[in-house]
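There are 2 protein chains.
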Amino acid sequence: MYAVILAGGGGTRLWPLSRVARPKPFLALTGDETLLQATVARLQPLIDPADVYLVADGRYAGLVKEQLRVVPEANLVTEPVGRNTAAAVALAALSIERPSDDVMVVLPADHRITDVAGFRDALAAAAEVAADGSLVALGTEPDAPATGYGYILAQGKPRVVGGMPAFSVERFLEKPSEERARELIEGGRAHWNAGIFVWRRDALLEGLARYAPDILEALGGGLEGSDLGAAYAEVRATSIDYALLEPASLEGRVAVVPIAVGWSDLGSWAALLEALTADALAQGGSSVVGHAGDGATTIDIDSTDLLVHAAGGRLVATVGLEGLVVIDTPDALLVCAADRAQDVKRVVDRLAAEGQRDRL
Amino acid sequence: MYAVILAGGGGTRLWPLSRVARPKPFLALTGDETLLQATVARLQPLIDPADVYLVADGRYAGLVKEQLRVVPEANLVTEPVGRNTAAAVALAALSIERPSDDVMVVLPADHRITDVAGFRDALAAAAEVAADGSLVALGTEPDAPATGYGYILAQGKPRVVGGMPAFSVERFLEKPSEERARELIEGGRAHWNAGIFVWRRDALLEGLARYAPDILEALGGGLEGSDLGAAYAEVRATSIDYALLEPASLEGRVAVVPIAVGWSDLGSWAALLEALTADALAQGGSSVVGHAGDGATTIDIDSTDLLVHAAGGRLVATVGLEGLVVIDTPDALLVCAADRAQDVKRVVDRLAAEGQRDRL
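Read top to bottom, the protein sequences are chains A and B. In terms of this note's numbering, the first sequence opens at residue 11 and continues consecutively. In terms of this note's numbering, the second sequence opens at residue 11 and continues consecutively.
Treat the hints as calculated values from the structure; they're not laboratory data. Be aware that one or more of the hints could be misleading.
Once the Cα atoms are required to be at most 20 Å apart in a straight line, the calculated EDC-like pairs of lysine to aspartate or glutamate come out as [said to hold, decoys possible]:
#	chain 1	residue 1	chain 2	residue 2
1	B	K167	B	E184
2	B	K185	B	E151
3	B	K167	B	E188
4	A	K355	B	D312
5	B	K185	B	D349
6	B	K185	B	D153
7	B	K355	B	E234
8	B	K355	A	E364
9	B	K355	A	E83
10	A	K355	B	D310
11	B	K185	B	D212
12	B	K185	B	E196
Covered stretches of chain B, going by a simulated chain A footprint (3 or more residues, C-beta under 8 Å) [stated by the list, open to error]:
#	stretch
13	66-75
14	98-109
15	178-187
16	285-298
Since this is a predicted model, take the numbers as computed values, not measurements. For every residue, glycine included, the Cβ atom is placed at its ideal position computed from N, Cα and C.
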């Protein structure tokens, strides 16, 4: 069993902390560890750091090396450029030499999970399900008709593996409308696609050959240096969900293992606010949460549902705020209503349009 | 006719822009001029800069000199320490040598007035009323039952001077309860005390001798150097309103000239937000207002009723905010709900209690 961590996401919705030079996986958003470090740490002891591989843009090799001293340097697979997850997963399948019946766990580098023991139990169960060649996804219970996630529709009765249910998947659905999301949730068979997949290496390669042969072909020319550069210039940029899991699910080859392990994709400042306040309130704390970096301090007077990330080395004082996010960095400050967190992207787009590259 | 500008206020409610080292009068909050510069400028041509005097704490002598090159250096009266307005006005009356029937205009250094011509007309009318020895206050129309202002209750029919009405004052009332304020406004005879007074120098000295003899006596020992230091250590710290105008009004010696000249005391970030948005909306602009200093830029996405003061030399991005104040400085950031602007004082109090002197 081995893990392939995809550290490719830009995380522009977490601007101004997430930057081109240090994107989301390399940030300590929820504690002292970076998201990448936490992703590796929570796999142990199920998967040893020696069996953890990373796929990342070559420009982040230095950051990976700096943050992951426990993982062998040779386990870093560098992409010449980001081309979405299908190419990254295919590259990992082809270039990491493991026995063909080894079980590969694919997971994003920038998610959060609070129940790490429960998460490892789910991975172990998923690995058992994957032993027969199934492609297995982890699915989380939807707690709102979110339109930003993919949905996995389960069918039939579950088989129970390692004390956990595993369902056959009827189909994958990309980000639905709110109305459709509501219907899906009411149906009682929908799970959010957590972007965490478990499969045998040979099953993955067979699946890619069947459903996305162009991607394997594009990478056939070579897996290193300028060959890979040329291949990546050609390869289709698409998600592994769309390239593989959607069509495979229609042929009954996909299973889902539901998880309830405090998962969040931390996909926006609002998601981080929600995750951190849920923790704080559960521990009897206040709903004013966040982190003060070196030289920074915070003072709050009577706010609620407030995330303050003080990374600007300054005092951040907040008074009477509600449902807000304050992200302070040395060269840029963001103050954003939590329910408008998706629009942080518009700020980044405007900076890009204005050519303000050093603030991206 | 001469002016005495009181530049003593700390303006802690405008933290973190207003600091001990550079308090409110010395800040450019509403345009390119500082509040002090604007206060001097709007008196012309009614009162020439040569006839403008300042009373300020000695530690601000450098700032005054730097900002007011038009005013003769000799016109600065320095206090050894701030002891509220009664002592400052008495010091000005005693130490500035002018003919005893000259009319003195006393005004704060940190207010805002949009209709400057109307304001000068009101001062000229007030000077005419003051010619008979009356103590004259300017009063603004209350537009809400504010509890932070003093109220002036007019009585009887006005005399008309220079086209403007002037009323006899029945009494002064210090900051009332909201209920009382509502009653006062409904009565139709109440004005807010703008802290701007017009009187003959001899009438002022007579009034002080009658109603606050202890203050004149305390200053009798000497008006300079260590004598003044000793006097100021003894003098009662009270407002000129309380020491002089309240008791004088009860003996029918005070008049009020109503003004409607876009006055604001800029007493809090909420007051500044209100003043600037009113201007902007009147000019067809948006209700996102503020100022970006050197090296600073701002980006806003869909906010309303927002004041952004970007003085930290950085980018300030705001998304979906409403009724908020964002004040960015190099070493401290404030994000405050406009309706909680009074509580900025609590932040300052906490910093003081923690001994964070360089952030005060």
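Hint check results:
At roughly 24 Å between alpha-carbon atoms, K167(B) and E184(B) are farther apart than 20 Å, so this suggested pair is violated. Among the hinted pairs, K185(B) with E151(B) is consistent with the structure: their alpha-carbon atoms are about 15 Å apart, no more than 20 Å. A threshold of 20 Å between alpha carbons decides the hint, and for K167(B) with E188(B) the separation of about 27 Å lies outside it, so the pair is violated. With a C-alpha separation of about 13 Å, the suggested pairing of K355(A) with D312(B) holds against the 20 Å cut-off.
At roughly 19 Å between alpha-carbon atoms, K185(B) and D349(B) fall within 20 Å of each other, so this suggested pair holds. About 15 Å separates the Cα atoms of K185(B) and D153(B), which keeps this hinted pair within 20 Å; it holds. Annotation: proposed proximity of K355(B) to E234(B) is violated, straight-line Cα distance about 33 Å (limit 20 Å). The hinted pair formed by K355(B) and E364(A) fails the criterion: a straight-line CA distance of about 39 Å is larger than 20 Å.
Only pairs whose Cα atoms come within 20 Å are accepted, and K355(B) paired with E83(A) is rejected, the gap being roughly 54 Å. A distance of roughly 12 Å separates the Cα atoms of K355(A) and D310(B); the hinted pair therefore holds under the 20 Å criterion. Pair hint K185(B) plus D212(B) does not hold up; C-alpha atoms about 29 Å apart against a cutoff of 20 Å. For a cut-off of 20 Å, the pair hint linking K185(B) to E196(B) stands: about 16 Å separates their Cα positions.
Judged by the Cβ-Cβ criterion of 8 Å, the stretch 66-75 of chain B is not covered by chain A as claimed, because only 0 of its residues qualify and three are needed. Given a C-beta distance limit of less than 8 Å, the hint that chain A covers the stretch 98-109 of chain B is violated, as 0 residues qualify and 3 are needed. Here the stretch 178-187 of chain B counts 0 residues with a CB under 8 Å from a CB of chain A, which misses the bar of 3, and the coverage is violated. Counting residues of the stretch 285-298 of chain B whose C-beta sits closer than 8 Å to any C-beta of chain A gives 0, which falls short of three, so the coverage hint is violated.
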